[in-house]
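Line order of the protein sequences matches chains C and E. The numbering used here puts the first residue of the first sequence at 1, with every later residue one more than the last. The numbering used here puts the first residue of the second sequence at 1001, with every later residue one more than the last.
There could be a bad hint or two in this list.
What the hints assert, rightly or not - According to the in silico footprint, chain C covers these stretches of chain E (three or more CB under 8 Å from chain C):
1) 1087-1097
2) 1297-1310
3) 1420-1433
What the hints assert, rightly or not - The list that follows gives simulated cross-link-like pairs (lysine-lysine, DSBU-like), each with its CA atoms no further than 30 Å apart:
4) C/150 <-> E/1415
5) C/95 <-> E/1036
6) E/1420 <-> C/69
It is worth saying that the hints were derived from the structure and are not from the lab. These numbers come from a predicted model, not from an experiment. Every residue gets a Cβ at the ideal spot worked out from N, C-alpha and C, and that includes glycine.
As a plain string of letters, each chain reads:
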Amino acid sequence: MLANGCSCQKSPLFTIVGILSPCSPKAPVIGVLGSVEAGFPSPAEEELVDTLSLDDLLIQNREATFLLKVSGDSMTGAGIMPGDMVLVDKGRTPKSGDIVIAQVDGEWTMKFLRKRKDDVLLVPANPKYQPIRPKNELKISGVVTAVVRKYK
Amino acid sequence: MDDQPLTLSSWPQAIMHIDSDAFFASCEQAIHPELKGRPVITGKERGIVAAASYEAKARGVQRGMRLFEVKKVCPEVVILPSDYETYSLFSVRMFEIFRRFSPDVEEYSIDEAFVDLTGLRRSFHGPYEMIAEKMRKTIEAELGITVSAGVSLSKVLAKIGSKHNKPNGLTVIPGRDIHVYLEKLPVEKVWGIGPNTAAFLNKHGIMTALQFAQKEEGFIDKYLSKPYREIWHELNGRSVYPVVTESKSSYQSISKAKTFTPPSQDETFVFAQLSKNLENACIKSRKYGLAAGRLIVFLRTQDFTSSGVEIKLSRPTAYPVELFKLLRQGFGQVYRPRTLYRQTGVVLSGLVAESGIQYSLFDDTAKIEKMAKIYASLDQLSQKYGKHAIVHGASLPAKLQAQHEGERGDVPERKTALFKGENKRQRLGLPLLHIKV
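So here's chain C without its partners, still in its complex pose (with noise of 0.2 Å):
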């Protein structure tokens, strides 16, 4: 970044400096290009600059994403027990394998979705239910990214 000050604000231990044009006509000035301050950074700093937050880990695309507790038990197979709660993406195109919340015939179910060519299954992972293929409508509102269960 340029930063075109006419004076260093600050006494840096050691300043990169940059020719910029001049602020007035009379007095060519040193523009200051950017400064480290005091020596070296602590390596610790330096290390951590790459880390995720669990906030970045868990969403990707925040704008899209909605939180969603769950009540039922049809996906306990693939980890997801009631009260848990699951990150909902709706600007993802649903993939087949994907977690999806839909709505089938007018229900809400969360299913993996299986697809194949023109065959669309919603798939649950719990013995107790069957898949289910939509007779009539199938509107898909979002993906499940994570599941988030807080113990304590």
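The hints should help you fit chain E onto chain C, whose structure is shown.
For chain E alone, kept in the frame of chain C given last:
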């Protein structure tokens, strides 16, 4: 003459105005998908309609209607308490999505924006209409709400466009078509033209926006003040109002008003409500580094009559402690015993930058500095533990009692269906889908 284009240049600039369709009600329908297509209103906690979905409007429900009237005209209506947290999350997301398309986004209100699209045709490989449509579709896919939009050469024209085909419509008005859209538009429908100006223009035979736009500059200069001359230019496709991109960082005034149910005649409680509003207004004012020069206090009774007083301050401040004495005085002037009140409010106006306050010889600057420190810590605590972690004693009765009680006292589901780790004051910053799966 009427079929003569006002300008021949099609797109010297392209400005888009986006207006959400029944925003609050649409947000509710987005998080409660079973409510899509059904008449929905918000405002249960206030006892009046705050927002109505298009389905409700079609059945004759209007903003501001009392709830019992609503049930009469539309018995199948779904009445929800306002969930401003969710609406704000949707609003922020909407602006973020617009910024994916253009850096020049003006957040005009919670549900309205202006976006400057000029020059984007190249990067999107298509006409402005295509870009605008893509923006609308992204909002619909990711947020589950619809918006109406207008694209034209100026803000005033873009606004005419967004109104032209509502809800869920897009109207693109290039320069050569402006006259077509202005021809049938009554002049008072133009953004910024009030009933008085409209009446004045009508007297000069100007009934439509087109007649106004076609009026010669001499007339405009002679009879109208600057804002109307600007509108006249904008209508002719010459953009005067820029798209202001910085998010709202300054205010003319800050007002905080809250309704409570049931209405109360308890002096301590009503004052506590007022005091809480003052604290809220001061928090907001400090957040923007502002201090108020005037304080307005108002109370609203059960039969919807309001009364208030304005108090001038000797020096601008944003510290409630300095204002309580005046607040008490103002309250004393307005409050009538044995009267049922339903709402209190304060307005801080005459706002100036906190940093630029001139202290007089008689001000105890040491004390003021101490106060600044105390309130800075208070603001930090609120940030950590949620708003109103610490309140002034006068506001306590308002904090201890629910804002709304009884049947109308519903709070949004968001505030009751909490995840482990969330609490009444702080929740995750993502909207909650209410789907049973």
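We went through each hint and held it up to the structure:
no.	hint	result
1	1087-1097	holds (count 3)
2	1297-1310	violated (count 0)
3	1420-1433	holds (count 7)
4	C/150 <-> E/1415	18 Å, holds
5	C/95 <-> E/1036	26 Å, holds
6	E/1420 <-> C/69	11 Å, holds
The structure does not agree with numbered hint 2 stated previously, though it agrees with all others.
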